[in-house]
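Take the sequences, apply the hints, and build the full model.
Number of protein chains: 2
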Amino acid sequence: MTFKTVRDLETPSVLIDLDLMERNIALMQARCDDLGIQFRPHIKTHKIPDIARRQIEAGAVGIACQKVSEAEVFAAAGFNDIQIPYNIIGRRKTGRLAQLAKQADLSVTVDSKPVIDGIAAAAQAAGVKINTLVELVSLGERTGTTPDHALELARHIALTDNLRFAGVMIYPSDAAIRPRLLETLALLDRAGIPVETVSGGGSGAISEAHLLPELTELRVGTCVFWDWNCVAARYTSFDQCAMQVRATVVSANEPSRVILDSGSKAIHSETIDGQFGFIVEYPAARLHKVNEEHGYVDCSACPSPPAVGEIVHIIPVHTCVVTNLHNQIYGIRGERIEEIWDVAARGLVW
Amino acid sequence: MTFKTVRDLETPSVLIDLDLMERNIALMQARCDDLGIQFRPHIKTHKIPDIARRQIEAGAVGIACQKVSEAEVFAAAGFNDIQIPYNIIGRRKTGRLAQLAKQADLSVTVDSKPVIDGIAAAAQAAGVKINTLVELVSLGERTGTTPDHALELARHIALTDNLRFAGVMIYPSDAAIRPRLLETLALLDRAGIPVETVSGGGSGAISEAHLLPELTELRVGTCVFWDWNCVAARYTSFDQCAMQVRATVVSANEPSRVILDSGSKAIHSETIDGQFGFIVEYPAARLHKVNEEHGYVDCSACPSPPAVGEIVHIIPVHTCVVTNLHNQIYGIRGERIEEIWDVAARGLVW
Numbered sequence: 001m002t003f004k005t006v007r008d009l010e011t012p013s014v015l016i017d018l019d020l021m022e023r024n025i026a027l028m029q030a031r032c033d034d035l036g037i038q039f040r041p042h043i044k045t046h047k048i049p050d051i052a053r054r055q056i057e058a059g060a061v062g063i064a065c066q067k068v069s070e071a072e073v074f075a076a077a078g079f080n081d082i083q084i085p086y087n088i089i090g091r092r093k094t095g096r097l098a099q100l101a102k103q104a105d106l107s108v109t110v111d112s113k114p115v116i117d118g119i120a121a122a123a124q125a126a127g128v129k130i131n132t133l134v135e136l137v138s139l140g141e142r143t144g145t146t147p148d149h150a151l152e153l154a155r156h157i158a159l160t161d162n163l164r165f166a167g168v169m170i171y172p173s174d175a176a177i178r179p180r181l182l183e184t185l186a187l188l189d190r191a192g193i194p195v196e197t198v199s200g201g202g203s204g205a206i207s208e209a210h211l212l213p214e215l216t217e218l219r220v221g222t223c224v225f226w227d228w229n230c231v232a233a234r235y236t237s238f239d240q241c242a243m244q245v246r247a248t249v250v251s252a253n254e255p256s257r258v259i260l261d262s263g264s265k266a267i268h269s270e271t272i273d274g275q276f277g278f279i280v281e282y283p284a285a286r287l288h289k290v291n292e293e294h295g296y297v298d299c300s301a302c303p304s305p306p307a308v309g310e311i312v313h314i315i316p317v318h319t320c321v322v323t324n325l326h327n328q329i330y331g332i333r334g335e336r337i338e339e340i341w342d343v344a345a346r347g348l349v350w
Numbered sequence: 001m002t003f004k005t006v007r008d009l010e011t012p013s014v015l016i017d018l019d020l021m022e023r024n025i026a027l028m029q030a031r032c033d034d035l036g037i038q039f040r041p042h043i044k045t046h047k048i049p050d051i052a053r054r055q056i057e058a059g060a061v062g063i064a065c066q067k068v069s070e071a072e073v074f075a076a077a078g079f080n081d082i083q084i085p086y087n088i089i090g091r092r093k094t095g096r097l098a099q100l101a102k103q104a105d106l107s108v109t110v111d112s113k114p115v116i117d118g119i120a121a122a123a124q125a126a127g128v129k130i131n132t133l134v135e136l137v138s139l140g141e142r143t144g145t146t147p148d149h150a151l152e153l154a155r156h157i158a159l160t161d162n163l164r165f166a167g168v169m170i171y172p173s174d175a176a177i178r179p180r181l182l183e184t185l186a187l188l189d190r191a192g193i194p195v196e197t198v199s200g201g202g203s204g205a206i207s208e209a210h211l212l213p214e215l216t217e218l219r220v221g222t223c224v225f226w227d228w229n230c231v232a233a234r235y236t237s238f239d240q241c242a243m244q245v246r247a248t249v250v251s252a253n254e255p256s257r258v259i260l261d262s263g264s265k266a267i268h269s270e271t272i273d274g275q276f277g278f279i280v281e282y283p284a285a286r287l288h289k290v291n292e293e294h295g296y297v298d299c300s301a302c303p304s305p306p307a308v309g310e311i312v313h314i315i316p317v318h319t320c321v322v323t324n325l326h327n328q329i330y331g332i333r334g335e336r337i338e339e340i341w342d343v344a345a346r347g348l349v350w
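For the record, the sequence lines run as chains A and B.
Per the numbering used here, the first sequence starts with residue 1, numbered consecutively.
Per the numbering used here, the second sequence starts with residue 1, numbered consecutively.
In short, the hints are calculated from the structure, not lab data.
Backbone N, C-alpha and C fix where the C-beta goes; we use that ideal spot for every residue, glycine too.
Label pairs and their calculated CB-CB ranges:
1) Gln99/B - Gly334/A: 24 to 34 Å
2) Thr2/A - Ala125/B: 16 to 26 Å
3) Gly127/A - Ala30/B: 51 to 61 Å
4) Ala301/B - Thr2/A: 48 to 58 Å
Have a look at this one:
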C-alpha cells in the first residue's frame, strides 16, 4: 500500500510538517551561530537519521543520543560526532560504548567515580580513549554533582589512562546555574585542568544561553518539532509546532463526550493543565483523559462538536515520547506525503 | 548474544515471572469456570501469541484485540475466535476487518449507525458476514450507547445483509450497570431480537461478575500479569504481580535523590498516588517523577538508600502500557530466562 496524501493514512498517524521542521532547524542553527555556540541536536526527539542529517547539513556539530543502542544506530548511519550525556553503567553497555569509540568521535558524561571506573575498564579492554565530561547538578536536581565533587571526578578522569577529560555538562542549562558553573570552572582552572567543552541543554536552553557565555555547545531535542510543553513555556507558539497526530472521532453519542482513536498508545500520557493534547480544529475542547486506544474529549465548550468519523489533529504535550510510540512517522507538505520515515532508534531501551 | 539468566540482561528489562503468570492464568480460568462464564483474554496486556496460546490451552474461548492490526497478527498466528471491542472506522480499516472475517470467527462492537454502515459496506464488498455486538455505555462513560439507542442499532444490524447481530458488550462491566443491561435485554426480547452474547470486561470484572448473571463472557487483560493499579483496586496483591521492570541505579549523589535508568520509555507515565511504580526492594521509596530515560526516586524514608550500580525491580502502575514500549520481554523462573518473547503486536496503532 502506498501513501501519497494524508488522506491515504489510517489514524492515528504522526504527521511532521516539513516546511515548519525545516524552518525550526534553520532558526535554531541561526540562533546558535549568532551566539557563537555549537549546536548538537539531541536525536531523542525524532530518532531518525535522515532528520539528524538535515540538522548536520544546517550546521550542527554532531548529535547527542541518550542510549548506547541509539548511538549504535546513528553511528551505523554514518554519524561520527556523538555525545551520550548519560551515566553508562554495566559491563555489556560500557563494552558496547568502547566499541563505538572505534567508529565515531564519542563523548560521554559521568557524575560518580563508579561510573568513571566502569567506562575506563571497558575503554582499557578495547584499547580506546573515551572523551569524558563531568555533569554538574542543575536546578532540575536529576543527575550531576557539586563543584567540589566535579573537580574530584575531573582529576580522577585526568589520571585514568583510557579516558580524556573533555569538559562539563549541564542539564537543564538555566541561567541560574551560572554561579555553580563559574565556581566549577574556577576550581578546574586552579587545578590546571583545561576545559574544552561546556555543554548546555534542554528545551529552553537557547532562550537563556546569552546569560551563560561559558557555554561552548547546546544540546536541544524538541526544537526540531516543538510541542505544547514548549508553547506553555513560551519557547514557541502552536503555529510553529511541526508535529500533529491525525486522529478519528470514533464515538460521539453525546455532544459533551466525544471519543478519539488516539490514546496513550498514540499520544502518550503526559499532561499539561490536565490535558493530553491540543486539538487544532477544536481549541475549546479538552482532551482530558486517555486509555490506550481512546482519547476522551470534553466538547461542552465547543460551539459545535465533531461528528463520528471526523478527522482532527492533535498537537502533543511532549513530542519525544510520541515519536517513541510509532514505527513510522510521515513528513508532509500540505496534504502530500513526502517522507515515510522508519523511527530507526525507536524503543531502544538499552 | 544469548541471555541465560536475568544477570545477563541489560536494564531496563521487563521480566515476567512464569510461575506467577501460570498461576494467574489458571486462577482466572477457574473463576470463570465456577461462574459458568466464558473467558476471553484481552491480548492488549501482553501482545504475545505464545501467552495467548497458554490462555486458550487453559480453557479460554478466544481472544479480544483492540485493533484490526493486532487481530491480523493473532489470526496469522492461528487464533480463530477474535473479538475487536472497538468502533472500527475508515474504508481501509473496515476493508481489512472484512478480510479478517474470511480467516477467523470474528466479532466487532459498534455504538452508532455510521460505524455499522461502514462495516456493512466492507463486509458486502468482501462477501462476508460479520458478527456485530452493540456496546452499552457504562459508568466509565467512554464509548457505548443507551438502551433505547442500542435497540435501534440492534434492529439496524439485524436488517443489514452482511452483518449478524451477536449481542451486547459492556466496558467496564461493574455490577451497577445491571439495571441498564436488564432494560436493554428486555427491549431486545420484546422486539424479538435474540441475544447470543453478553460480553463484560475490565480488570475488576471478575469480582462483580456474580452480580451480573446475564454475562456470557468476560474480556480481561491485566489479570495475566496484574499491576499496581489492580493492587490498589484490591483485585490482587503485589506478590501476585508477574511483571517487574529490572532497573539500575545510575546516580546516587545524595541519599534522598536516587536516579534509575528507567523512565517513561521503560515504565510509561501513568501514576498512582503520584508515583510511577513500586520499587520492590525499597518499599519506602517514592518513584515520584520520570523523564524518558530517568526515574527520580525519593529515598528519604528508606533506612538505607541504594548505591550507584545497584539493581532494583519495579512493579509498574499499568502493565499494558509497559508491554507496548518494549520490543522483547523475558519470561523467567527464579533467575533463569526461559522465554525471550518478541512483543509481536507492539506499537500497532491502526
